[in-house]
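Novice: From first to last, the protein sequence lines are chains A and B.
Going by my numbering, the residue at position 169 of the first sequence is 169; the numbering climbs one at a time, nothing skipped.
One gets my numbering by counting positions in the second sequence from 1 and adding 249 to each.
For the record, the hints were derived by calculation from the structure and aren't laboratory data.
Just so it is clear, CB atoms sit at the ideal spot from N, CA and C, and this is done for glycine as well.
Don't take every hint at face value.
[As the list claims (entries may be wrong)] Which bits of chain B does chain A cover? Going by a derived footprint, with three or more residues having C-beta under 8 angstroms, they are: (1) 264-271; (2) 296-302; (3) 317-324; (4) 415-429; (5) 433-445.
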Amino acid sequence: MNAGAHDAEQLTRYLLGELTGEDEADLDARLLTDDTTWMALRQAEDALVDDYVLGRLDHARRARAAARIAASPRLGERVAFSRSLHAIAAARPLPRSSWSARAAGWLGTRSGRMALVGVGIAALLLALAWPRADAPAPAPIVASLVLPPPTRSVGAPSVSIAGAGALTLIAVLDPEEVHPAYRLRIVAARGAVVWSADRVVGRAAAVEAVVPTRALAAGPYTLQLTGLRSGQGDIDLGSRDFHVTAAAR
Amino acid sequence: MLSVAPEPMPGDVDAAAWTALLDFLGGGRTDRGAAYVDARRRLQFFFEWKGCAGAPELADEVLNRVAAKLAAGERIHTGEPLRYVLGVARLVSLEAYRRMGKQRSDDGVAHVANDDGGERIDGERRLAALEACLESLPARARELLVRYHAHDGGRDAEHRRQLAEEWRLTANALRIRIHRLREQMEGCVRSRLDADGAGPRGGR
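Chain A with its partners taken away, still in its complex shape:
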């Protein structure tokens, strides 16, 4: 069989032990002797690990993948890396999205530039006519804290807050925890809710919130996370402990 004839699904089936007979034997041989297939299989492994992390495998495939991952420290490392990569990709602002790329292309045309001038003039007139409001500038981000899923956490992470502003709080989710939106509550040691947010939209396998640092004195806290499911009721996603070791109020 030609290496190019191996589609992604067939390679995934091979990795999960779903091929038998000649098909399996053929890929066994190509794994060892054909560089193109070897590269394609490593890419298929990337995709399979991502699908595992993002909860995209059906029950049977998830079980097969989990068994192989459990038997291999290298695959365990790859799963952990994939979790981190998706958490960061979900949390980072995108430098240039596809819609902005298309918009940039359109603005390069004559009609686009004319429209831009028109919008600019309208915005200027509106700004001059609008009553001046003292809209507060967004608080500067002075610290960030990433909270792993409870099952992965070795201990309560800590953060030191330098200066007044805001703390970026990122909670990494287990794949089973991914929902359309979330409710977040930060509870102090004595049980008082010091900050909360509703209908926070997550991205991929993480949910991110910006918390004013004035809400957080030095001490232990718990982030309580609830998944909001349309029509199915809310679901408790557990809590993550963290410490604020020094806080500027």
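Chain A is fixed; fit chain B onto it per the hints.
Specialist: Just chain B, lined up with the frame of chain A:
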């Protein structure tokens, strides 16, 4: 050319067998060590996805047996050394299944409980290491890697097509670029965690 000095093989393989193995795998190439490392890596992958625990050790076992046969003067007639190696690997995988007291089960897995690798390492430290590694990449490469995975975890075909177009790559070249960047970042994270004392981990 990859300049590699493989570690001495475990077991009872002597220097003559080791040289014979390198000659066999290298097939006249000057970078015989690289051929050994490549074969071992592929064998490890083979055993891992067959669901065998201890894949690095099984890969070594395969190469030890081939080396022993060569040292014993057995003439192996094959145009492709790794085809012969595969035959030995299949035998070793069957023995591994037997040792574990089971045939390949319905899900194709014969495994024993193992630790779950990197999951033991504090997720925050791993994230911090990856952040630092990403910062070490050229901005354009970093942007590509993050954007590829930010949109639906990299599985949205239309998003990938747009990225390929924007980076002036074919779809296949984009996949290879992403794979190599991931490998580079995984290596970087591993080095940082090892340096911090979180590792090292075996089996690579």
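Novice: If a hint holds in the structure, say so; if it does not, say that too.
Specialist: Hint-by-hint comparison with the structure:
1. Coverage of the region 264-271 of chain B by chain A is violated in this model, with 0 residues showing a Cβ closer than 8 angstroms to a Cβ of that chain against a need of three.
2. Remark: the region 296-302 of chain B is confirmed as covered by chain A, as 6 of its residues place a Cβ nearer than 8 angstroms to a Cβ of that chain, reaching the required three.
3. Counting residues of the region 317-324 of chain B whose C-beta lies closer than 8 angstroms to any C-beta of chain A gives 0; at least three are required, and the coverage claim is violated.
4. Residues of the region 415-429 of chain B with a Cβ under 8 angstroms from some Cβ of chain A number 5, which satisfies the need for three, so the listed coverage holds.
5. Counting residues of the region 433-445 of chain B whose CB falls under 8 angstroms from any CB of chain A gives 4; the rule of at least 3 is met.
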